[in-house]
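Enquirer: If you read the protein sequences in the order shown, they are chains A and U. Numbering follows full-length UniProt numbering, in which position 774 of the first sequence is assigned residue number 774; successive positions increment by one, without gaps. Numbering follows full-length UniProt numbering, in which position 90 of the second sequence is assigned residue number 90; successive positions increment by one, without gaps.
If you are wondering where the hints come from, they were derived from the structure by calculation, not from laboratory data. Hints may contain errors.
[Claimed, not checked] Computed cross-link-like contacts, DSBU-like style, restricted to lysine-lysine with a CA-CA straight-line distance of at most 30 Å:
| # | chain 1 | residue 1 | chain 2 | residue 2 |
| --- | --- | --- | --- | --- |
| 1 | U | K16 | A | K133 |
| 2 | A | K381 | U | K201 |
| 3 | A | K462 | U | K78 |
| 4 | A | K349 | U | K78 |
| 5 | A | K92 | U | K125 |
Given the structure is predicted, the values throughout are model-derived calculations rather than measurements.
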Amino acid sequence: MLSLLPVQKLLRQLPAGPAGRPKKTAGGDTAEEVTSPVLATEAGQPTCYSALRAEELRPLATTKPMVATGTGPPPTLWRRHDDLKEMLDSNKDSLKLEAMKRIVAMIARGKNASDLFPAVVKNVACKNIEVKKLVYVYLVRYAEEQQDLALLSISTFQRGLKDPNQLIRASALRVLSSIRVPIIVPIMMLAIKEAASDMSPYVRKTAAHAIPKLYSLDSDQKDQLIEVIEKLLADKTTLVAGSVVMAFEEVCPERIDLIHKNYRKLCNLLIDVEEWGQVVIINMLTRYARTQFLSPNQNESLLEESAEKAFYGSEDEDAKDAKAEAASLAKRKPYVMDPDHRLLLRNTKPLLQSRNAAVVMAVAQLYFHLAPKAEVGVIAKALVRLLRSHSEVQYVVLQNVATMSIKRRGMFEPYLKSFYIRSTDPTQIKILKLEVLTNLANETNISTILREFQTYIRSMDKDFVAATIQAIGRCATNIGKVRDTCLNGLVQLLSNRDELVVAESVVVIKKLLQMQPAQHSEIIKHMAKLTDNIQVPMARASILWLIGEYCEHVPKIAPDVLRKMAKSFTNEEDIVKLQVINLAAKLYLTNSKQSKLLTQYVLNLAKYDQNYDIRDRARFIRQLIVPTEKSGALNKYAKKLFLAQKPAPILESSFKDRDHFQLGSLSHLLNTKAVGYQELPDWPDEAPDPSVRNVEVPEWTKCTSREKRKEKVEKPFYSDSEGESGPTESADSEPESVSEESGSSSSSSSSSSGSEEEDEDEEEGSGEQSEDKEEEEEKRLKRKEKEGSQKAASGSTGRYPLGRASRSPIPPWHPPHRSLGPSQLLSPAFGAVRTYELLHRMAGEGLSVEYCFSRRPFPGDPHMVAVQIQISNNTDAEVKSLRVSEPKPLSGMRIQEFPEIERLAPGDTVSVVMGIDFCDSTQAANFQLCTHTRHFYVSIQPPVGELMAPVFMSENEFKKEQGKLMGMSEITEKVTLPEKCRSDHAIVQQVTSAANVGRVPCGADNEYRFAAKTVTSGSLVLITLERREGAAAQLIVNSEKMVIGTMLVKDIVQALAQ
Amino acid sequence: MLDNGFPLATESNILKELIKPPTILRTVVNTITGSTNVGDQLPTGQLSVVPWRRTGVKYTNNEAYFDVIEEIDAIIDKSGSTITAEIQGVIDACVKLTGMPDLTLSFMNPRLLDDVSFHPCVRFKRWESERILSFIPPDGNFRLLSYHVSAQNLVAIPVYVKHNISFRDSSSLGRFEITVGPKQTMGKTVEGVMVTSQMPKGVLNMTLTPSQGTHIFDPVTKLLSWDVGKINPQKLPSLKGSMTLQAGTSKPDENPTINLQFKIQQLAISGLKVNRLDMYGEKYKPFKGIKYMTKAGKFQVRT
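Same shape as in the complex, but just chain A:
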């Protein structure tokens, strides 16, 4: 089809979509792309196609002659990205991958690739995981635009959600939830619900992540989502905790009641949660604690209040008040911190040592908002440490320190020097540090701080210098002792060469002088002199205002200043002009004799000013101060109006009231409420019921108090014990346990190799005894139904009846030293051993073969089920070279054959063991049994009960494990027990005969518990049989392997019915 394309079209379109062309993999520079319209006019392949593979070039090559000739047939089928489409349609993963890489690169560069949608979506089912991931990226980007087509991919995700690989399940859910197509909301909801009870914590984590995505797509789902959140909040794994709290914060931060039951768990898990989860949890718990506990500082604040009252109130009424206060104080019971409050503080404290600045900041704000005054100090050190990090982190931390240092100054005082400013700091950091230094200033350290400030004033950074002068002003207002020193220093600055510095100083001096003008006429005089030099309008205005305000202190100078200003009035800035008018008015009122004419003159000038503001002011003042006949009433009050006592300005930090925002939040940083900010509630007056946090402890765990549970949880991380490697709650996944098994089995086999020789010697030495042994064996087999089990176990443990094949390739078996998590594999418990027929005497022409499951671990390979095979020669000839050949196992199944039996005398019986790895399925293992003359096709089909090995676990462990295997993994069946099968003994016997399981001790006497692990994958199988009244009973099987669970239920029910 490409052979039909018109040249012109091709040439025109190529530059339009350069990304559509195959890009050179190596060094495809843009110059090449720009000049590419000339491609293919000359001989040779266009350079930009050189990276393509041969098959890709073929269609293009066919077009070439035509391009060269320049005669284009009419129909146009070429569109952009055709090459990409073709690559996507090819069978080769590498081509698809290449195409997807280019498409994603296009998306990243902001180019539209949406017309490729159908071609890409087809590949969503691709087996190659890399292609699949890129298709996912594409889908997330374009699904919202092409909703109908996107629906085509949904089924793939639904399949992906059932994939045995947890990574695939998770990523399918992640992408499904990222596709913003409203039609699939129900599917997403279903997927999230299902994933929330997935056995892999990683998938559950992804489910938690999906919740806010669905919520933003369709907020009507809120109620259902809250249910899922509630369920996930109850999850005990650390992996999930952070994500679900994040979902909680996004979806339903107001449902604080959901946290009650999980509060203690969250506190205890906190230390093991990953860093970003910790931040979310800590912030949420801060809010929670503010609603649930009493203020730890309430008594202190009350004390302070009453002390203040007593101090100021000398009158009787006040004294009475104070008494009442004291009484109420006494009435109030002494504050006792809620143990849960304490728990939170205790468990977050170690996180101050985190390497992650966000975590440290989160803990710091938690302590600031929740801890008793005396304990808040611990956070200072950690916050100061953060000041060493990047300037962005510094900025945020300093903002928070600035707020904290206002409320709790003492906390940071020891670290004063850490806030000293370096010339290399960025300006905004300098200004924040200055803020902190100012907040920390007190009478003891003010001299050091001022000395430090002196160096800052000489800095080249003028903004910073201005801020320093402001800071000096604040120090002077706050600490009366140094006011004069500061003022003198500032006055010295007035002679600074830099105008900005002088102006800032004037402004600050003005504010300071307002507090005590009487003593400072000298300074005012000095400043009056400055009017000649200073050009900064704000400073000039300030000086004029000062002189006008305190003209009675400088009666001689003031009129002179006015004279000078009148001269230059027309050239002044507006704010200066206003102040000149102001000064004139004030002088007119106080000293009208000297300044009457000047004032008139100034007012006249102002009357014709360009600025109407100034004209208005002039008119207004003239009416007010110059008595005429018309202006009546107000004139009398002019003096009061102009020369009223003005309160001194309060210089205070801009961080003063910021602490009503939760520290560390964006809102606090911006000092304005950001979208999605959750208000930090005030402490309640009465503590809400603390019992809501009590978790219903089932009977069996009542002994484990909270402390104990905490230990358990903390153990994996910070405990001293060496047994860390054992999986904890957070590590209940398959790959973990498998790897561990393999690790331990290898170690056990290596340890056994040493004793191998010994064993062999022994066996050789006991050659003579072999006959006796064989007899014994025969006897045992006869008695197999009844007492066989116990006796055999005790009689020949560890020694396998390997017949005469003494040099076995199978290493002797040693008890495994592995510990599978909390439970240990037991040596098998024997119920009654059943034998099955493998080869009938008739079919085998006199050779009869029977097999039974010995229920012992197969030596050498713990994943194999040991099958004991008994071969008897009923012919009258010797059977030679009896062996297994051509095993045809199904996929994954492995068979370890028994060693070849060289000869079997007539009438003789031999017993051998072979191992079969059934892969936890009840599929039959097929193989051939060969003699020297014949081949017999045989198959061994294991009952499901034989695919497992018993494990020992305590009642608590059992409960814990069972708790993890709920939902889909739990199968419940009602059973009616027959008459003879109601005694304890009978029940246990029947169950253990049906399945190779171990009994788990149980407190209740009408309940029976058994546990086992499947041989291949080691997944737990838990059986609970609960007897009700009469014959009724309930059977519960918990197992990840649902097929095994179902079959096991059937088998046990059958066994019990017998």
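Knowing the structure of chain A, use the given hints to seat chain U on it.
Expert: Same frame as chain A, but now just chain U:
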């Protein structure tokens, strides 16, 4: 790795397992077998209690190196007295050990450490009670610990700077003279010395002659940098010369601050010493190495 804006995995060991970093060998294998660098299994670490460590780590040479690096942050006064000085240290590790080793690192003088922050692998309880670092290390390079030496201890300042920078009001020339010398170096040589200074805007150019090393003055950014190199205590390095100032402008009211960088090998200026490193959990004997180094952090001299 982020999901919906929320961090999903930030541990480098996990990310490396998800997408294996390309190596030459892997590229070759990939082109032959057609496999990719993208892992198709969930990294085991993600689910385990030690999420920072990969499983199945194997090395032929088992080695663990620890670098104790201390930085001195200081502000030195015009007259040479110390205004503030702190020591911030880190212990960077490069651990290449097979299997799941459990390491303990103990110090001769752990009391020195005032404030510490740990990699998540360090067991906090153990540190609290015994002042021992006990951890299962991540694979490869990581920062085990960063610490702060308590402010009570007086910090030994290993170098001093003599300076004489003066602008004259009348002329357009200024004098510039800096000498760097060692002080309290515990007998070690100070190397990698680098002096930088931001000159005031009025400085047009500088004519300087160093007694050793090279110097550059950038007339645009007004940044003077002098790469001194090693300090020889017998012959102290110095940089002398004159500055040309913009004619007509008054002299700048601030002298430039001098920023100093230096390195001292084989010395932890706080005196911190690692006592021993033990390994449990694995059978082989690893090679262990500890290196000390002192560097200048934010080291400023006001003039």
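Enquirer: Hint by hint, say whether it matches the structure.
Expert: Here is how each hint holds up against the structure:
Between K16/U and K133/A the CA atoms are separated by roughly 17 Å; this keeps the pair inside 30 Å, and the hint holds. Between K381/A and K201/U the CA atoms are separated by roughly 38 Å; this puts the pair beyond 30 Å, and the hint is violated. Proximity of K462/A to K78/U is assessed by CA-CA distance (about 21 Å); at most 30 Å being required, the pair is judged to hold. The straight-line distance between the Cα atoms of K349/A and K78/U is roughly 41 Å, outside the 30 Å bound, and the hint therefore fails.
For the hint linking K92/A to K125/U, the alpha-carbon distance of about 55 Å lies beyond 30 Å, and the restraint is violated.
Violated hints, in rising order: 2, 4, 5; the structure is consistent with all others.
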